[in-house]
Amino acid sequence: MSRPEPPIDVRPITEADIPDWTRALNTGFLRTPGVAETEIADRASYLVPARTLGAFDDGRCVGTFRSFAQELTVVGGGTVPADAITNVTVTPTHRRRGILGRMMERDLAAAKDRGDVVATLIAAEYPIYGRYGFGPATWTAQWTIDVPRTGLDPRWAGPGDGGRIDIVDPADVRKIGPELHERVRRAQPGAVNRDARWWQVATGALRLDRDPWTEPFFAAYRSAGGEVQGLVAYTADDRWGDGKQPLNTASVKWLIAATPDAERALWRYLCSIDWITTVKSGWRAPDDLLPFHLPDPRAARITTLADWLWVRILDVVRALEARTYEGEGALVLEVVDEGGPTGGRYRLEASADGARCAPTAAAADLTLDVAELARLWLGDESAVRLAALGRVREDRAGAARVADALLRTSRRPWCPDIF
Numbered sequence: 035m036s037r038p039e040p041p042i043d044v045r046p047i048t049e050a051d052i053p054d055w056t057r058a059l060n061t062g063f064l065r066t067p068g069v070a071e072t073e074i075a076d077r078a079s080y081l082v083p084a085r086t087l088g089a090f091d092d093g094r095c096v097g098t099f100r101s102f103a104q105e106l107t108v109v110g111g112g113t114v115p116a117d118a119i120t121n122v123t124v125t126p127t128h129r130r131r132g133i134l135g136r137m138m139e140r141d142l143a144a145a146k147d148r149g150d151v152v153a154t155l156i157a158a159e160y161p162i163y164g165r166y167g168f169g170p171a172t173w174t175a176q177w178t179i180d181v182p183r184t185g186l187d188p189r190w191a192g193p194g195d196g197g198r199i200d201i202v203d204p205a206d207v208r209k210i211g212p213e214l215h216e217r218v219r220r221a222q223p224g225a226v227n228r229d230a231r232w233w234q235v236a237t238g239a240l241r242l243d244r245d246p247w248t249e250p251f252f253a254a255y256r257s258a259g260g261e262v263q264g265l266v267a268y269t270a271d272d273r274w275g276d277g278k279q280p281l282n283t284a285s286v287k288w289l290i291a292a293t294p295d296a297e298r299a300l301w302r303y304l305c306s307i308d309w310i311t312t313v314k315s316g317w318r319a320p321d322d323l324l325p326f327h328l329p330d331p332r333a334a335r336i337t338t339l340a341d342w343l344w345v346r347i348l349d350v351v352r353a354l355e356a357r358t359y360e361g362e363g364a365l366v367l368e369v370v371d372e373g374g375p376t377g378g379r380y381r382l383e384a385s386a387d388g389a390r391c392a393p394t395a396a397a398a399d400l401t402l403d404v405a406e407l408a409r410l411w412l413g414d415e416s417a418v419r420l421a422a423l424g425r426v427r428e429d430r431a432g433a434a435r436v437a438d439a440l441l442r443t444s445r446r447p448w449c450p451d452i453f
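Throughout the sequence shown, residue numbering follows my numbering, covering 35 to 453 in sequence.
Treat the hints with care, since some could be wrong.
[As the list claims (entries may be wrong)] Straight-line distance between alpha carbons at most 20 Å, and here's what the computed SDA-like set of lysine to any residue pairs gives:
{"#": "1", "residue 1": "K287", "residue 2": "A258"}
{"#": "2", "residue 1": "K314", "residue 2": "T248"}
{"#": "3", "residue 1": "K146", "residue 2": "I310"}
[Claimed, not checked] Derived DEER-like restraints, expressed as beta-carbon distance ranges:
{"#": "4", "residue 1": "D195", "residue 2": "P46", "range": "38 to 46 Å"}
{"#": "5", "residue 1": "D271", "residue 2": "R65", "range": "39 to 47 Å"}
{"#": "6", "residue 1": "I201", "residue 2": "R390", "range": "48 to 56 Å"}
Everything labelled a hint here was simulated from the structure, so no lab data went into it. Nothing here was measured: the structure is a model prediction, and the numbers come from that model. Beta carbons are placed, not taken as given, at the ideal position from N, Cα and C, and that holds for glycine.
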């Protein structure tokens, strides 16, 4: 007679579990599974055990899951508390046993109890998270710029607006970067906060053995008045063609700019560096101004266009009241959330002066899953498109167009970060 398998134990980890939990994480992400003492010490410095779950089979970790506190910028510049989810893995030997579902259910329940308005994540695979109520709320793009084709003046020697660009050191970036980023992300729906550890890792002050460190170049744009309005981090390769012709590529790790002038100046700078014939943009907004900063926009070719930040709404009322609206009107939404906390019917009344949302017994104008509401919430998706796809049902003729007039934004939301 076969012996029944012991149940999988899903629980918060202890400090003693960190080595085994990290090995399971590395296994799930197809990294070298060995765990160095420095990696254990680093994880112990920032993991919150109560928000770090492990799935254990006979004492061995076979699933990992972690969340942390995050602020997400919404339309209009306000922020909401978010449950940021990361480090999600299930060991290949334990797939299809409901482990992820159990970890997700536990974490989302805790997030709801804490008062988080949404949960967020960056999805490694598209099909997984829709079944837990997440929807892709922002997209991202990468451009490859063929510098000789841009039509830019090769004699360019600096911004013509009275500003200047300076190479800065990592220590300088840690001083000026956080304040600049805070200004930028407050104006960018979909952006999230960066803590001190992010800046330490990004500038090499904190080096992780699992991620080989190559110090990037850092350049800052200062306005005519001396204010730092843009920063870029980039690396360059060393490639030469026949006849000793340089064919080097500058790869942008991140670029933040508080004004279009700063953004334009930094891209122009990158395209002016001697020996650089290709610039890779790194992750950018899908409607980024980048191509149109160039005399020939065709010189910038999209090489990646994909979903990025996924959102799971935990509190419909607070989510819809947190953002602003350019139009004016009312809409009754029937939100479907199988087994989740947000199912019900809600009336949204919105105008440029603010919004009010409350449960209602009135007839629904639109019926949609909570995952589809997440697509619409930051203004990126169209209710008319979703209705055409059968993902939103119009219970009142023309309601999808009303939803678009209320919810869509003139610029697309974007999350510059991965977590």
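Right, here's what the structure says about each hint:
1. K287 x A258: Between K287 and A258 the Cα gap is close to 26 Å, so the pair fails against 20 Å, i.e. violated.
2. K314 x T248: holds, 17 Å
3. K146 x I310: violated, 49 Å
4. D195 x P46: 38 to 46 Å: violated, 53 Å
5. D271 x R65: 39 to 47 Å: Between D271 and R65, where Cβ atoms are some 24 Å apart, the hint is violated.
6. I201 x R390: 48 to 56 Å: holds, 50 Å
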